[in-house]
Amino acid sequence: MGAGKNLTREYQQLREKIYQSIFAGLNKQQMEVVATGEGPVLCLAGAGSGKTMAMIYRILHLYLFGAEFEAAVLPPHEISLEDLAKMQQWLQEWEKGVVSCFSPEIINLLRVNGVSPQAILAITFTNKAAEEMKTRLANLLGTISEKMWVMTFHAACVRILHREISSLGYTSNFAIYDSQDQLVLLRAICKELNLDEKKFAPKKIQNAISRYKCKLQTPSKAKIMSNDFLEKKYIEVYEIYQRRLQENNALDFDDLIMLTVRLFQEEPEILEKYQERFRYIMVDEYQDTNHAQYALVNTLAKKYQNLCVVGDDDQSIYGFRAADIRNILDFERDYPEARVIKLEQNYRSTQLILDAANEVIAHNSGRKAKKLWTENSAGEPILCFTAIDEGDEAAFVVEKIEELKGQGVNYGDCAVLMRTNAQSRTLEEWLIRIGIPYKLIGGVKFYERKEIKDILAYLKFLVNPCDALSLKRIINEPRRGIGEITFSKIANHSWEKGIPIYQALLEYENLGIVGKTAKAVADFINLLESFRQSLEKLTVTELTKKILEETGYWQQLKRENSPEAESRIENLQEFLTKTLEYDHFAEENSLGDFLSQVALVTDLDNLQEKEEAVVVMTMHSAKGLEFPHVFLIGLEEGIFPHYRAFDDLHELEEERRLCYVAMTRAKERLYLVNARERYLYGRKNMNQSSRFLEEVPPQLCIQYNRPGFFETTPAYAVGNNAAGSVAVKEQAGRKGQIFMLGDKVFHQKWGEGVIVSIKGQGSEIELAIAFPEEGIKTVLAKYAPLKKLR
DNA sequence: ATCTTACCGATTTTT
DNA sequence: TCGGTAAGAT
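Taken in order, the first sequence gives residues 91 to 880; the numbers are from this note's numbering.
Errors might be hidden in some of the hints.
[As the list claims (entries may be wrong)] When the alpha-carbon atoms are kept at most 27 Å apart in a straight line, the in silico DSS-like pairs for lysine-lysine are as follows: (1) Lys648 with Lys224; (2) Lys648 with Lys543; (3) Lys305 with Lys393.
Source of the hints: derived by calculation from the structure; they are not laboratory data.
Can you build the whole structure from these sequences, using the hints too?
The following block contains the structure:
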């Protein structure tokens, strides 16, 4: 018995030692977040302060040691000397870094008072963040982590609604409509109501409806609050829109949240069930929550109050989509006993970059006091450059990137961030011309492409026979001679009788559809029926292939023989690899499940790290990312801050926060670029430099001036693609020069001249140069003995 | 049903 | 400037 007691004591000491070691890499504040499992916690996490790490270790802590660590615990089961040796060995290996995960065996030895994994709910905004967290948890804990809910707001709501939605008057095979679908629906409604699209832009209405939903306002509630004519009309549309969604058994993105909240409000037992289940709740990017999300989280957490929210009021940049910064600012009011923990140590950027960012953000009012600091070195000064125009700006960026490349920096370590997507064009032209591989984030997204939406509409309609929108999309795609008029006959029938649109379609014979059209409809129904019959038997991939074949969709594209058709085929093939992937991992073959997954993914999720390409994107999309070298371009009044924000103090502050977010993406070097002049909407504009640029203390920057001479001779232009450019350069072992229109150059034979035209690409670039004495000469950039002058 | 022409308007965007 | 949309022509 005495031996047993000794063993217990030894076990406790060893377990505590292990505990210390596991969390040794965290700073004091992070550790506080990790170890305060019980009660409300507000974690104000500055940019790059290791909040993801804190959240992951918090979950780990909850699971292994419970809400609060207790040293004097009894072992989970009888402990042998051998067990202690195992723990000892594990500890050694952990400290050496040989192991970085917890095997089931070691979990079995360590875990006392641990929270059940099902009780943990961690919510993020983006799939990417959720995915990162999930992966890291799986690496630490293995398959047990799959029992925790680590997902986006929307994914969590889909999962809950999938089980519970019947009490709200929908069925669980509901469709999810994206913003495009919303617009199609809204346009149709506007047409029905004879609304002038100029006065009532569907986009505006969409926005208004989204705002209502984010505030949890149903049409009838919104009506009470409204007073002006425009708003009343919006609400009228909202009402019809919402009815239409319900008839289609469809939810839009905002519905996912709003209906879940409604579910919890209306069904106390259901709420109770989830409150009991999710006793430990964490929310990432809390400053970006809107009212509906706020209500969701706080309703769920109400019972046990084990709510840990992580965020940074200085990084709130989504006010325009109804994020309410007050949610984070008022957390302490909502939970007076909340522990407030500030993570202010930054592990990402150099001191200089942080100083600059701190200085800029300090111009905002109403912030939670916070100041980032770092143990990192001061680093290189911030490089500022004022370009002549947007071409010069792009040229500078490209020159610098090439220079960095020459110093061994990877393209993938460079990011160019801009305020608006429209700014990417000139830059892209230059990147292409010089042959720098790049990746543009934003633009037409994969799941928004026509061909993908088409095939998805087929699949969606098969799952949900109420989905009129999808039927409308596919009924004449590919062309089969069923026009608008026929469709509206069917749709009207469906509304009048209150039957699913598929039912209405089947009854086409009673609707005055005759002759050729009737035949076409009959054929179409047969086609759909054959798909429906294979629904159970086939995998998603097989079904997709069957649809593409038997509708003639493939054939039509193949016959077309155009580059566009080519890319559509490629996209469909890409889609098939995604279905294949799904089929491979899916437990049962459920098309509906596949569709809800697909509805919630975006392109940003595919941003692969370590890809050898410069990343070009908006400052908004850069949130949460980091790069060694960051270029901020277009730092001009009117562009950034955007002119639309000029007359609103709150919007200006949001712009400044955006600037703060953008600056703090940089790990090593930050480049701030503005142009004196820029073409915008076909007009040349003179722009003052951005106020944010003025707010950066000058002593942290150096103003860049192009050197008068480039060292290289003779000149050459680099290749057109990544492979080409690298090959040329390494063979030649020399740096490239970048020429642009209007550059002054020095030619060995003809002296000084000015470039008057640039033609061709890659190694074929031809320069036409005007020399005072010799006239215009055309030379191949690759071979001409040129030096650039400035 | 599909192509052409004239016009308008133009942040940021996850899910 | 450019691209998307809507009405008009064939």
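Against the structure, the hints:
Simply put, Lys648 and Lys224 have alpha-carbon atoms about 41 Å apart, too far for the 27 Å limit, and the pair is violated. The suggested pairing of Lys648 with Lys543 holds, with an alpha-carbon distance near 18 Å, which does not exceed 27 Å. Proximity of Lys305 to Lys393 is assessed by CA-CA distance (about 23 Å); at most 27 Å being required, the pair is judged to hold.
The structure is inconsistent with hint 1 alone, although it conforms to all the rest.
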